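Undergrad: For reference, the chains in residue letters:
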Amino acid sequence: MPVDTTSFSQHLISATHNINDPHVTLSTAEITPNAPVVSTITKTRLHGGRQEGVDLVEVNNGAINIRVIPTRGMSILDVTTANLRLGWNSPVDEIVHPAWVNQQNRGRLGWLEAFNEYFVRCGLEWFGPPCEDDHHHAKAEVPAGPVSLHGKIANLPASELQVIVERAKPYNIILRSVVKENQLFGPKFELHTDLVTRPGTNSFQVIDTIRNVGAQTEEFALLYHLNHGSPLLQQGAKLVAPVRHLAPINDQSSSAYIHQYNMYGPPTKGFAEKVFISTLRADRNKKTRVLLKNKARNRGVSIRWNVEKLPCFTIWKNTAAEADGYVTGLEPGTSFPFPRPVERAAKRIPKIKPKQSIQMPLEFTLHTTKADVKAAENAIFKLMKGKYTRLDTQPGGFDPS
Amino acid sequence: MPVDTTSFSQHLISATHNINDPHVTLSTAEITPNAPVVSTITKTRLHGGRQEGVDLVEVNNGAINIRVIPTRGMSILDVTTANLRLGWNSPVDEIVHPAWVNQQNRGRLGWLEAFNEYFVRCGLEWFGPPCEDDHHHAKAEVPAGPVSLHGKIANLPASELQVIVERAKPYNIILRSVVKENQLFGPKFELHTDLVTRPGTNSFQVIDTIRNVGAQTEEFALLYHLNHGSPLLQQGAKLVAPVRHLAPINDQSSSAYIHQYNMYGPPTKGFAEKVFISTLRADRNKKTRVLLKNKARNRGVSIRWNVEKLPCFTIWKNTAAEADGYVTGLEPGTSFPFPRPVERAAKRIPKIKPKQSIQMPLEFTLHTTKADVKAAENAIFKLMKGKYTRLDTQPGGFDPS
Amino acid sequence: MPVDTTSFSQHLISATHNINDPHVTLSTAEITPNAPVVSTITKTRLHGGRQEGVDLVEVNNGAINIRVIPTRGMSILDVTTANLRLGWNSPVDEIVHPAWVNQQNRGRLGWLEAFNEYFVRCGLEWFGPPCEDDHHHAKAEVPAGPVSLHGKIANLPASELQVIVERAKPYNIILRSVVKENQLFGPKFELHTDLVTRPGTNSFQVIDTIRNVGAQTEEFALLYHLNHGSPLLQQGAKLVAPVRHLAPINDQSSSAYIHQYNMYGPPTKGFAEKVFISTLRADRNKKTRVLLKNKARNRGVSIRWNVEKLPCFTIWKNTAAEADGYVTGLEPGTSFPFPRPVERAAKRIPKIKPKQSIQMPLEFTLHTTKADVKAAENAIFKLMKGKYTRLDTQPGGFDPS
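Residue numbers (the numbering used here), protein chains in the order written: chain A, 1 to 401; chain B, 1 to 401; chain C, 1 to 401.
Hints listed in this document are in silico derivations from the structure and should not be mistaken for laboratory results. The structure displayed is predicted, hence computed values, not measured ones. Fair warning: there could be bad hints in the mix.
One copy or two, it doesn't matter: identical chains are merged, so the pair holds either way.
[Stated by the list, open to error] Here are the simulated DSSO-like pairs of lysine-lysine, each with C-alpha atoms no more than 27 Å apart in a straight line:
| hint | residue 1 | residue 2 |
| --- | --- | --- |
| 1 | LYS238 | LYS139 |
| 2 | LYS238 | LYS295 |
| 3 | LYS169 | LYS387 |
| 4 | LYS269 | LYS351 |
| 5 | LYS353 | LYS269 |
| 6 | LYS269 | LYS355 |
| 7 | LYS347 | LYS269 |
| 8 | LYS139 | LYS269 |
| 9 | LYS287 | LYS238 |
| 10 | LYS295 | LYS309 |
| 11 | LYS385 | LYS139 |
| 12 | LYS286 | LYS139 |
| 13 | LYS347 | LYS295 |
Produce the entire structure from the sequences given, and follow the hints as far as they go.
TA: Written out as structure tokens, the structure reads:
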């Protein structure tokens, strides 16, 4: 996002300037003493176990606290306010340094060894299950070959990270970062991110811009794996989404479960994950919105994005026992989490030209009253404009034809 | 083990409390000035080569010095006293940080890139050779798939490490640690260890407790790879063990070698390892004991454990040239180091229930006189109670039927 | 090389002495105040992105500046003088810590994730493309199995690194290092390197000595991947080499391109790499020499080595778009970059005996005038002694017969 040149700015991490101070504390009480709400930004180096050497940045805007992990591709561990937490309780209870993660483990499912964030990106070259992919669009480059689960970006570190604070209203706080996924004979991507929050509000934006700094047009892939656990997720919690067309991803998720796609059960030992894929309706500006609300309808989170940039919405229901990972993923993506050759055949893999930048903003709002939850729900109903949802009871509705 | 609440206690490493001081020195001259023997506990951060960032903890109880590697799953590098060292001279002459180890290398034998400890655990999900294992006992979890040599635990770091010193007799020194092996859709294990030694004695205990913090019953596996080299291992060194039944693990180790299973030759260039698997006799409390003694019978180590917890004893004879790794492994385990599907068919893979803790203590005593060696040997003879040993000259005696 | 015992010497890194100071600055203004030219040696710890924790050593001899990466096997990032730089602009724009590199990625092409140096060694157990290699020469060791691109040495750190400065003429500056590639049941290699430069000169030597510290004779492999980019590499740049016999490595590089093997085109989007393999003529002392010169013939580099030690010379032409990596590799090696079984069948894989040391020095000279370039060219013409070059238009001329 455009930033006033008079804004406060400080590098927390910079490969360019050789900066990575273990501990930094900033307060807007000093930076913008006139702002009505005091915010703090802190950076901490973690120690012990697989956390050794991990950097953690916390942005507290006076209303919500956002914990960001530069060492893990600018994933967001969790977001908390007085009576609501966006996040989940993964069996992985440390913030794992990628040096401990071998994505080739367990038949290329090693990504799961560190998976515990609220907000984690899958991509940028590919996401989805391990598969063989011998195609490479660009000339004279090598194909991804044996693809590992969900790609590399979540296990790559921020090369650059800046704190920016606007010195005038609305006194926005911005974490501006760059994560690089590049190599010879492969994609050359930069992920530029502005994580923006206005002091005193219950909301934040994540504005990702993917840049292709290579010389050739490349395929890319981005899925936002947004993971919600207890206590927001509970028996009776419900997803509200303006679904145009929804289908089970496989037989395991089909007819017996499809009509409850948006309703959640209690933690259930040995629960086999159910996955539904969908397209959503949007407003004139192509913006859509989904809401996850608790049983009492007085807590919730709504997430907004552009369906032209992120046309595919995946719902991952993994209501396993709490100790095994009770969680639902709400996952806007550039495509669905089928194997890449399937997505390619379905023409769902987007491309990015040399020097092109593609921006895909996400907005998050935490709701902590019945009125707020209801207002969000009404906004979503409005997107439906009274139209019907196509619900497929069997897989296949999104298969390449 | 239960510890008096008045004991001295200090965190050396803690992911919970964000602690990992590079250098710590503790002396019981200050902690327990009344104790008759002064012990020291030091923590050092290592630098250079593949040692960069490795933490090493030394416990010197006044009689023996134990070097423990928290960064490598609480493995024990070596144990030394005036004229005896438990350990070996691996071709790997650095204490390798797991970040340099890729267990997927060399057909999933990458574990060997760092292998040089006296005491190293194999497990906790599996041990044994690389193989395909598509079984997973727990519901809705993913199988280990292509299994790498000897599992992950030796290349995972301690999340917690405390020094505890008893303030009253016997003034025990305890290293209390937690190593975690967990992930979504896989096992959720914690390894709680008390390494205990009494000041001024030639002995120590390693009391491991495996906890299943997941919600489902899981298979687990633990092999203690206890590796003895020069000078205790030498031509004429001998293993004394109360063998009930012993067999070669494969043709390479069969009839020509079986009758020398407990006798050691000199370092031999190009020696092809021989492996024998066995069950041992025990006393009424299910405790067994083995002894390795030198040629002069004035140096030795004896190791005790519970055969109900660790029913399978593997003898690894690798009397290669000194420069290539002259070593014998004495290996109590929950099963034998066959491929997992073989062990499963033989019903030798134990399970651990949700919230269950399984404790498996090992006791080590260093013997430095003929009398001590002889006493240990006599104790082992007593376990045999004059009964015969079944010696199979060909593999197959422990095969699943 | 032999060093006077009165020389200045300081450890920058030592696993033996537990040394790795993040920042060191040395100046010969203090060490050898009588030397006519002031040189500096600095060590810096890098931060941010995948550079976190990387050590970089710069040797500035008053005429050229050499940047060496101990953390990456003593690779040389680049060498610069006033108007010439040896190096290239890889899409990988950070100096990547090996902890971020998974050589098993992308069908075992993960080596490319960090590849951006001017001087990078491939080896020491193998180099070349991923392949299956089930042979192992030594007894009772395990074969390399599924071989990854270009071996491990570039992603292993220096265990020892010393600065040595001669206190008398010619006041040579020497970086003396040891990198270890070893494991149980595999090769036990040490790479001892003296990087030597004389203050005020435009040249430096890299004197590698491979030592086999194991007990058995082993195969080894070493390829110097010397990578030249803009601006020395440009349309009209030319390689001058005393070629005895040259052939394309595959059909992609054959007849249409063979006659331009030594001429370079401009950066070309989607250029498919061309690779030529060759043997070179040498002088009576078995020394050969190649020259890469720019279009104006006033800049160049010449490289000398012993053809008995490094009999195979590979030319890698990858004149892709600048953003994708515009580069040519001039690659003296112990063999050609065919799959190992091919090289073995061709009897091109050398062996090293127990305790044997094999030294293979390389000399680099930067040329920055027309006269210098011309002199180097003439020296190479002299090696040809008017003899013909055998140019094969099709692959196969070096195939095992």
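Undergrad: Sort out which numbered hints this structure fails and list those numbers smallest first.
TA: Checked against the structure, the hints that fail are numbers 3, 10, 11, 12, 13, while the rest are satisfied.
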